[in-house]
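> Just so you know, the sequences run in chain order P and R.
Convert by adding 96 to the 1-based position in the first sequence; the result is the number in this note's numbering.
Convert by adding 2 to the 1-based position in the second sequence; the result is the number in this note's numbering.
The set of hints was computed from the structure by calculation and includes no laboratory data.
Treat the hints loosely; a few may be bogus.
Said to hold, decoys possible - Simulated crosslink set (DSSO-like; lysine-lysine; CA at most 27 Å straight-line):
id: 1; chain 1: R; residue 1: LYS212; chain 2: R; residue 2: LYS293
id: 2; chain 1: P; residue 1: LYS159; chain 2: R; residue 2: LYS403
id: 3; chain 1: R; residue 1: LYS458; chain 2: R; residue 2: LYS472
id: 4; chain 1: R; residue 1: LYS403; chain 2: R; residue 2: LYS312
id: 5; chain 1: R; residue 1: LYS212; chain 2: P; residue 2: LYS152
id: 6; chain 1: R; residue 1: LYS472; chain 2: R; residue 2: LYS519
Claimed, not checked - Residues from chain P that keep clear of chain R, each with C-beta distances beyond 12 Å, as calculated:
id: 7; residue: MET97
id: 8; residue: GLN117
id: 9; residue: GLN145
Values in this document were obtained by computation on a predicted structure and should not be read as measured data.
Cβ atoms here follow ideal geometry from the backbone N, Cα and C, with glycine treated the same way.
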Amino acid sequence: MTFVVRLSGTQTIREAEGTLQALRDALAAESTVALDCEAVEEADLSFLQLVIAARKSARNAGKTLGMAAPASGPLLAALDSAGIRPEGDFRFWFEGEAR
Amino acid sequence: MNGGLPDPVQTFRAEAADLFEQLESTLLDIEGNPGDRDLIDTAFRALHTIKGSGAMFGFEAAAAFTHHVENAFDMVRKGSLAVSPQLVEIALRAKDHIRDLIDAPETADGMTGDIILKDLALLVGGTPAGGHSQPIPTPKPEIKRTTFRLHIVFAQNAMMTGSNPLRLLDELRELGECSMVPVADAIPPLEEIDPFGCYMAWDCVLTTEKPRSAIDDVFIFVLDDMELTVEEVEVTPKLLGEILVERGAVSQEVLQTALEGQEKLGNILVKEGVLSNDKLRAALAEQGHLKTEQDRAAKEGTAIRVQAEKLDELMDQVGELVIAQARLRQLADKSNDITLKSIVEEIERLSGHLRDVSMGIRMVPIGTLFSKFRRLVRDLSNELGKQVQLSWSGEETEIDKTVIERLHDPLVHLIRNSVDHGVERGDEREAAGKPREGRVHLSAVHSGAQVLISIKDDGKGLDRARIRAKAEETGLVTPDQELSDNELFNLIFHPGFSTAQKITNVSGRGVGMDVVKRMIDGLRGTIDIASTPGEGAVFTLRLPLTLAIIDGLLVRVAGERYVIPLSAVEECIELSSEDDARSTGRDFLNIRGDLVPFIRLRNLFDLSGPAALYPKVVVVSAGEFRFGVVVDQLLGGHQTVIKSLSKLHADIPTFSGATILGDGGVALILDVPRLLDFSQSREEQLKAS
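Input sequences plus hints: build the corresponding full structure.
Shown next as structure tokens:
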């Protein structure tokens, strides 16, 4: 069963603590986690880093964490600004269906 | 001589014209491929440049207008606006309007602009923007481009102190071409992460026209605590290994060992654990960036914009030189001076080369013309409710720019004709077992000193019966007259001839095809038509590569000299005395089993003077016809600089121009296709009398 974490609204440094907690909780309880970021209205570097960190943790624990759908809208714009492109370890941002 | 500096506004207009062309073709590409981000970026950049340089050259209205369209495309890039057919439609209309605002700002219609902006605003979902005083960034006139390699590590607490690294990176990008590779190595797993910390680092290669200080300015508020290294790099293609060592990513020794492994360098280094994937990517990105930058520099270094008149002037001067050189040659031939002869040979070689180079400068690939017709076909098929796909091949075929310019209108007519008359409606096509979407294919190919351009459609073909009926109705042919397909098809080029039963906006007013014929004649070209009922029609234009200088065959008839364009000449043979004697009634030659008619220039032009003992026949071709021209003497090849005939003589059908010979004499240039028509009509007159 894939557990979906729905992330929405503003995802910036102000929300970072809450998001970190949500990701930790999800990874503690589930082995396959998908992030639904469709409703994210704003994202900054802190959010990108949290997701990448969560992916590292998941990998370390033999679990899976990915995107429910390819990044779009404001999240895609943030990835663009960070220079993140569908290459190597960053490919997951642009692929749907967590695997 | 038209000296002095070119008007900067004119230069801007010429550059803008290129941008409009690029924008239009990009928009049409977007229409067929809405998901392509690169295309959106290209359109956005074109709009951005038009806006920026428009403002710089005082086209404020154009710049302000463009600003709104640019905004819409920026929204598409950012993902807040979807590409839709309406957006493309509006953008195409906007493009036309911006062009009007730049080409003729006095007469441009403000209403059109308002309507477009209103439509755009509706689509974008904002309020119609009427502001004309938007501040518009103007691009910098500085031209020195420098490439920097940057390594960016923000302070761990950068975000805590209120700065937004992503915005700063965006600002950095605005400085120029930027390849950016994020390095995520330092991001710890979730268990250890400080959610407010800044872990990500970036490797960047930036090519900019701004000074080094501009980079520091971007990071001015965080500079003290961050790690920022900036080094200037030379734009020379480098091996990956060189870049890695230079960046300190690996040592020379490690590189050497790895190279000996003969596997792909990057893979080896990653596999051996001396290089992280991110660092390899950064280095590869730099390699790519430098390569593109160098290509760009190479392209820019070789292309300059020259005013068309200057090219014409150059060609004129070269023409005069070729004539003067021919006179010199004549002089040298009479002399015994070896030194003079060798100098003349040298000059001949140089002027021949100069001629080729100058003509080469004037050559333009025909693709520039073809791509202009995409919009035409798109708008036309929308208007007529047909689906028509335009394709082309041979777009790299080069033709003299004057020919290209003068080809535009006839091709528009022919393409309109194909879309309107040729290609059937979707339901008709389906009933005939063809795909709903019709095709019009343009092609260009060199054939000797000529170029063949064909317009081919897969429609219903020309309607023989209807052309025949119309021709009889207008009295062009009598009901009992026998006509070959070719003769029949050629009737459509008669003035006032149109078989369209319904007059559409597109064609069918009886103007067009005769105009096409006249224009192609003016280019010394010919048109052939081939048509298969139910399968389509092909119009083939046969055109000379250049209108300025041709290779000709100089011949003599009685005391006169004439030039026959070498492109039309197939072979030269002797007119045997039997053929000569036999042919008093019927002028036919037997050439290797083929009967070839011939004409005698002596008779045709009523020349007197002693006939040659051994007359020669020059076999020439005009379209599909082959015929012989009897002359007294072949004088040899001649670089023919074409001088047009005076207005008084412009109506003489058999000559396309004149040229000045080495001895100062004048030779007329035979117009081969029209010579054929002329002699045929004369023959008919003779028969009739």
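> Is the nearest CB of chain R more than 12 Å from the CB of GLN117(P)?
Label violated. Min Cβ-Cβ 9 Å, cutoff 12 Å.
> Check whether the Cα positions of LYS159(P) and LYS403(R) lie no farther apart than 27 Å.
65 Å, violated
> Is it the case that GLN145(P) keeps its Cβ farther than 12 Å from each residue Cβ in chain R?
Label violated. Min Cβ-Cβ 5 Å, cutoff 12 Å.
> Given the hinted pair LYS458(R) and LYS472(R), is their Cα-Cα distance within 27 Å?
The hint holds at about 24 Å.
> Would you check the hint for LYS212(R) and LYS152(P), treating anything up to 27 Å between C-alpha atoms as holding?
39 Å, violated
> May I ask you to check that MET97(P) keeps its beta-carbon over 12 Å from the closest beta-carbon of chain R?
21 Å, holds
> Compare the distance between the alpha carbons of LYS403(R) and LYS312(R) with 27 Å, and conclude whether the hinted pair is satisfied.
13 Å, holds
> Is the Cα-Cα distance between LYS212(R) and LYS293(R) 27 Å or less?
20 Å, holds
> Would the hint linking LYS472(R) and LYS519(R) be met if the CA-CA limit is 27 Å?
Holds - the C-alpha atoms of LYS519(R) and LYS472(R) are around 19 Å apart, at most 27 Å.
In terms of the numbered hints stated before, the structure departs from hints 2, 5, 8 and 9, listed from lowest to highest.
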